[in-house]
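Asker: Sequence:
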Amino acid sequence: MKKIFIIFIFLLLPTDVLAEKVMLAAIEDYPPHHYKQDGKIKGYNVEVARYIFEHLGIELEIRLMPWKRCLEKVKTGKASGLLSSSYVRERESFLYYPPEPTRLQRNVVFVRKSDQMKVVNLDDLKGLRVGVIDKYSYGPEFDNHQGLKKTLCREEEELVRILDMGRVNAAVAKEAVFLFIASERYGLKDKFEVAYVINEKPSYTPFSKTMGKKGRELADKFGKMLRQMREDGMLQKIMKKYR
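Letter 53 of the sequence shown, counting from 1, is numbered 1539 in the working numbering, and no numbers are missing.
Hints may be right or wrong, so weigh each one.
Taking CB as the label site, the calculated pair distances span [said to hold, decoys possible]:
#1 1718 x 1558: 16 to 22 Å
#2 1558 x 1636: 16 to 22 Å
#3 1719 x 1677: 44 to 50 Å
#4 1680 x 1574: 20 to 26 Å
These are computed hints drawn from the structure, not numbers from a lab.
From the three backbone atoms N, C-alpha and C, an ideal C-beta is built for every residue, glycine too.
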């Protein structure tokens, strides 16, 4: 049944879409979802995207770069899409979002355990130095909150370092990414704790509207393939590799 579905999706794609090479931009270091190891780009999102595009007969290239540049590339059409992006209403002006998310992820506030800091709501962070990724959206509750002294970082690894060194009082991050880096690269698994959960948001692989009809079709096909992979257990199988 799975093979029949894949062949069906393949046949639905126009010839010009099938022949096109797709380049997805992704933030430089975002484990376990996408990261470079031993010169190779790997991770959960990478494996999912490669699986889908291979079965759709489309050549895939993934380029890692700072998040700000990812957005610039996809806005101008120099990238076909983003490997991973949460839904942000403003981004609908330049992105086609698939009907199905790639995964769910939690945006949380990390603090040092030794500080014994209690965060009941975001007001507790007013006046404190809070590390964030430049141009990231953490949801309206955080994005629109006033009175926070934000320290802008390029990537999650920088967040781990500045929180460890005490340059900020707290760091807002994707929970799985921050913990992977803190544990696997710095041996700091027990130094930090989640003080507050901002939200849990779906993450998508959206495509640039500069592609026109092709971009919309790719988003639709990508979402349908994701749904099938979720139903037949393939997504869960891939996810287990990166936990």
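Asker: Would you mind marking each hint as holding or not holding in the structure?
Answerer: A quick look at each hint next to the structure:
1. 1718 x 1558: 16 to 22 Å: violated (37 Å)
2. 1558 x 1636: 16 to 22 Å: holds (21 Å)
3. 1719 x 1677: 44 to 50 Å: Since residue 1719 and residue 1677 have Cβ atoms about 36 Å apart, the given range 44 to 50 Å is violated.
4. 1680 x 1574: 20 to 26 Å: With Cβ atoms ~23 Å apart, the hint holds.
Hints 1, 3 from the earlier list are contradicted by this structure; the remaining hints agree with it.
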